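Chemist: Next come the chains, spelled out residue by residue.
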Amino acid sequence: MTFEKTARRLVLTMENGFYDEELANTPGLLQQLDPRCKIVGFLGLTVAASWAHRAATLAALTVLAAVLIAGSRIPLRAIALRVWLPVLAVSGALVFPAIFLTPGDRLWTLPLLGWATTQQGVQAAVRLLWRVEAATTFSALLVLTTPWMHVLKGLRVLRIPIVAVVLLSMTYRYIFLLVRTAREMFEARESRRAGKFQRREARRIAAATAGVLLSKTMQLGEEVYFAMRSRGYQGEVYLLETFRMRSVDWAAAVVMLSAASAALWLG
Amino acid sequence: MHIPDGYLSPSTCVTLYAAAAPFWFAALKKVKRLLHTRLVPLISLFAAFSFVLMMFNIPLPGGTTGHAAGIGVATVILGPWASILAISVALTIQAIFFGDGGITAIGANCFNIAVVGSLVAYACYRLAAGRSPLESRRRVFAAGFAGYAAINAAALVTAIEFGIQPIFFQDASGAPLYAPYPLHIAVPAMMLGHLTIAGFAEMFVSAGIVAYLQRTDLALLKLTAPEVADPAEAISAIETRGAFESTRALWVTLALLMILTPLGIFAVGTAWGEWGPSDFADPEVREQIAASSLNQAPPAGVPAGMERFASIWTAPIPDYAPPFLKSERLGYALSALLGVGLVILTLQLAGWVATRAST
Numbered sequence: 001m002t003f004e005k006t007a008r009r010l011v012l013t014m015e016n017g018f019y020d021e022e023l024a025n026t027p028g029l030l031q032q033l034d035p036r037c038k039i040v041g042f043l044g045l046t047v048a049a050s051w052a053h054r055a056a057t058l059a060a061l062t063v064l065a066a067v068l069i070a071g072s073r074i075p076l077r078a079i080a081l082r083v084w085l086p087v088l089a090v091s092g093a094l095v096f097p098a099i100f101l102t103p104g105d106r107l108w109t110l111p112l113l114g115w116a117t118t119q120q121g122v123q124a125a126v127r128l129l130w131r132v133e134a135a136t137t138f139s140a141l142l143v144l145t146t147p148w149m150h151v152l153k154g155l156r157v158l159r160i161p162i163v164a165v166v167l168l169s170m171t172y173r174y175i176f177l178l179v180r181t182a183r184e185m186f187e188a189r190e191s192r193r194a195g196k197f198q199r200r201e202a203r204r205i206a207a208a209t210a211g212v213l214l215s216k217t218m219q220l221g222e223e224v225y226f227a228m229r230s231r232g233y234q235g236e237v238y239l240l241e242t243f244r245m246r247s248v249d250w251a252a253a254v255v256m257l258s259a260a261s262a263a264l265w266l267g
Numbered sequence: 001m002h003i004p005d006g007y008l009s010p011s012t013c014v015t016l017y018a019a020a021a022p023f024w025f026a027a028l029k030k031v032k033r034l035l036h037t038r039l040v041p042l043i044s045l046f047a048a049f050s051f052v053l054m055m056f057n058i059p060l061p062g063g064t065t066g067h068a069a070g071i072g073v074a075t076v077i078l079g080p081w082a083s084i085l086a087i088s089v090a091l092t093i094q095a096i097f098f099g100d101g102g103i104t105a106i107g108a109n110c111f112n113i114a115v116v117g118s119l120v121a122y123a124c125y126r127l128a129a130g131r132s133p134l135e136s137r138r139r140v141f142a143a144g145f146a147g148y149a150a151i152n153a154a155a156l157v158t159a160i161e162f163g164i165q166p167i168f169f170q171d172a173s174g175a176p177l178y179a180p181y182p183l184h185i186a187v188p189a190m191m192l193g194h195l196t197i198a199g200f201a202e203m204f205v206s207a208g209i210v211a212y213l214q215r216t217d218l219a220l221l222k223l224t225a226p227e228v229a230d231p232a233e234a235i236s237a238i239e240t241r242g243a244f245e246s247t248r249a250l251w252v253t254l255a256l257l258m259i260l261t262p263l264g265i266f267a268v269g270t271a272w273g274e275w276g277p278s279d280f281a282d283p284e285v286r287e288q289i290a291a292s293s294l295n296q297a298p299p300a301g302v303p304a305g306m307e308r309f310a311s312i313w314t315a316p317i318p319d320y321a322p323p324f325l326k327s328e329r330l331g332y333a334l335s336a337l338l339g340v341g342l343v344i345l346t347l348q349l350a351g352w353v354a355t356r357a358s359t
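First to last, the sequence lines map onto chains A and B.
Going by the numbering used here, 262 is the number at position 262 of the first sequence; the sequence numbering is gapless.
Going by the numbering used here, 49 is the number at position 49 of the second sequence; the sequence numbering is gapless.
Just chain A, same shape as in the assembly (with noise of 0.2 Å):
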């Protein structure tokens, strides 16, 4: 049933984060570093792989993934899960046709179909797959290791203007609050729901649902408005930065910095 599914992923969805937010504060390597030399270093690293093309370069970056993975002891299943399968599935179904379609050396032909693979097409397909798995993977290190309101603020070491930050640390701050009342409203229609309903009815309750949400999002930013007002707020956003790089920061930023620059320069 559509609502289930809908209730099902919204749940999904906050099990994920808050998985995320306990993963972050368990011991481990990247865990202790300074969220900004994460988020440099992370960055380096991510558009590296996004941007290689040799397979050496490929299992290289894919080396250093696993030992950060190993020294931060992220459990595999987690990461297979969360990263690895859903880009294989993803990315794997939407590059599959490529072995067949592209122009090139024939390797070998499926029996009964006929179709020719090609030697450009297969290793294209494959360069793309592992690439998206690097540089997935490297993202997602750095929000499995860092508590996510330490990662929004640290995007300050971007250079992002502070009033981008705080919108998305908003955002994210709400998001979790609007997951919880739109599963809620879900869970409240199916707990009253006798039957089947038809697609149409269905829809025009998905849209109303929607309808809703809405109205209480619009009346959620009017209250959260009042109270920021009540606490002084004119227009002007700051934001605390308590962090505190240390050598041994420092020094992991330069690791990640320089193997995302050989990585780069190797292509």
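Treat the hints loosely; a few may be bogus.
Listed next, with one range per pair, are the computed distances between beta-carbon atoms [to be verified]:
#	chain 1	residue 1	chain 2	residue 2	range
1	A	W108	B	A26	50 to 56 Å
2	B	L347	A	L177	54 to 60 Å
3	A	V212	B	E227	24 to 30 Å
4	B	G130	A	G232	40 to 46 Å
5	B	P188	A	P86	21 to 27 Å
List time: in silico DMTMM-like cross-link candidates among lysine to aspartate or glutamate, alpha-carbon distance up to 25 Å [stated by the list, open to error]:
#	chain 1	residue 1	chain 2	residue 2
6	A	K216	A	E190
7	B	K30	B	E284
8	A	K216	A	E187
9	B	K326	B	D282
10	B	K30	A	E223
11	B	K32	B	E227
12	B	K32	A	E223
13	B	K29	A	E190
14	A	K216	A	E184
15	A	K216	B	D217
16	A	K5	A	E184
17	A	K216	B	D282
18	A	K216	A	E15
19	B	K326	B	D279
20	B	K30	A	E222
21	B	K32	A	E222
22	A	K5	A	E201
23	B	K222	B	E328
24	A	K5	A	E190
25	A	K5	B	D100
26	A	K5	A	E187
27	B	K326	B	E284
28	B	K29	A	E184
29	B	K29	B	E227
30	B	K222	A	E222
31	A	K196	A	E184
32	B	K222	A	E223
Please keep in mind that the hints were generated in silico from the structure rather than gathered at the bench.
In this text, all values refer to a predicted model and were calculated from it rather than measured experimentally.
Even for Gly, the Cβ is constructed at its ideal location relative to N, Cα and C.
With chain A held as given, fit chain B onto it using these hints.
Modeler: Same frame as chain A, but now just chain B:
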């Protein structure tokens, strides 16, 4: 439609960051001017709403389900600039924390979905909704159309970005370095899913939410319909500014139309069906009647019924030409003035009678 890391070349990513940046900057300035201190809470909350909306499973005709991106709703309620900000924030959160879309592709995703999507949605909504009242069905269809067009425009731009990758970026052996499909595969493959499933999901959500708001919270639709006056506000404006000031444009148009009434003199032929008994005897007019009636010759004599009823009432100013005026043009203008005056007088009289009857 969210482009992951690794699908676009460095130069494409940088170009699309650069393309999105001026829109972010302009949107931030415009929205800040409009919302002042409300900017942060409103945009944040709406971005969170868009994020959650993207998780809704929408049942579609044919047994499948789809997800909306919320572009149509955000644009109809917030306007294009605030929508650009809210959708961009939602996309950035998705990319950073949920792995939906790549970090290097945030610029591309924001440009395609937030910028192109919001601007297309706004243009389509304003065009389709016109000046229709806030509670009209037309606005529901306009919102659906806006959502459908926006998601498809965003998909088309995304497909073009994918499709140009193998043209420009290949290794020495000819293997594509990034997204592997050329334009003739990327565009149809991308559009097929969006013209059907994703487009309909966005359309149903946009139209459904606007229909819901029409019943529950009409004020939320006012921001993108500045030309539509609230009925209560219109009455109060007439009361405060005076009836003439409020309807000045209408009076000027009416005066212009009266001045232009002699234009009818220049028309050739005869007005079909407006014939008098004397016209049947005039050979020249008979020819005109035949020409305007698919060469069907009029009856030889005046129809008996017409002859009988034509004599019941004789107009004081026949053919808009007062007998005391030599100039035909002046006669038309004077007739228009007299006619309009009589209509206004009748309405004033009716209004006066109605007011007296109710008190």
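Chemist: Hint by hint, say whether it matches the structure.
Modeler: Status of the hints after comparison with the structure:
1. A:W108 with B:A26: 50 to 56 Å: holds, 53 Å
2. B:L347 with A:L177: 54 to 60 Å: holds, 56 Å
3. A:V212 with B:E227: 24 to 30 Å: holds, 29 Å
4. B:G130 with A:G232: 40 to 46 Å: With a Cβ separation near 44 Å, G130 of chain B and G232 of chain A satisfy 40 to 46 Å, so the hint holds.
5. B:P188 with A:P86: 21 to 27 Å: holds, 25 Å
6. A:K216 with A:E190: Distance ~20 Å between K216 of chain A and E190 of chain A Cα, so the pair holds.
7. B:K30 with B:E284: The hint is violated at about 67 Å.
8. A:K216 with A:E187: holds, 17 Å
9. B:K326 with B:D282: With a Cα-Cα distance of about 23 Å, the restraint between K326 of chain B and D282 of chain B holds, given a limit of 25 Å.
10. B:K30 with A:E223: holds, 23 Å
11. B:K32 with B:E227: holds, 22 Å
12. B:K32 with A:E223: holds, 19 Å
13. B:K29 with A:E190: violated, 43 Å
14. A:K216 with A:E184: holds, 13 Å
15. A:K216 with B:D217: Roughly 11 Å separates the two Cα atoms, so the pair holds.
16. A:K5 with A:E184: holds, 13 Å
17. A:K216 with B:D282: Given pair K216 of chain A, D282 of chain B is violated - Cα atoms ~75 Å apart, limit 25 Å.
18. A:K216 with A:E15: Given that 25 Å is the threshold and the Cα spacing comes to 23 Å, the pair holds.
19. B:K326 with B:D279: The given pair, whose Cα atoms are some 22 Å apart, holds under the 25 Å limit.
20. B:K30 with A:E222: holds, 20 Å
21. B:K32 with A:E222: Holds, at roughly 16 Å.
22. A:K5 with A:E201: holds, 17 Å
23. B:K222 with B:E328: Violated, at about 49 Å.
24. A:K5 with A:E190: holds, 11 Å
25. A:K5 with B:D100: holds, 19 Å
26. A:K5 with A:E187: Cα-Cα ~11 Å, so holds.
27. B:K326 with B:E284: holds, 23 Å
28. B:K29 with A:E184: Outside the cut-off at roughly 37 Å; violated.
29. B:K29 with B:E227: holds, 23 Å
30. B:K222 with A:E222: OK: K222 of chain B and E222 of chain A at ~17 Å, within 25 Å.
31. A:K196 with A:E184: With a Cα-Cα distance of about 20 Å, the restraint between K196 of chain A and E184 of chain A holds, given a limit of 25 Å.
32. B:K222 with A:E223: Holds, at about 21 Å.
Taken one by one, the earlier hints fail for this structure at numbers 7, 13, 17, 23 and 28, listed in ascending order.
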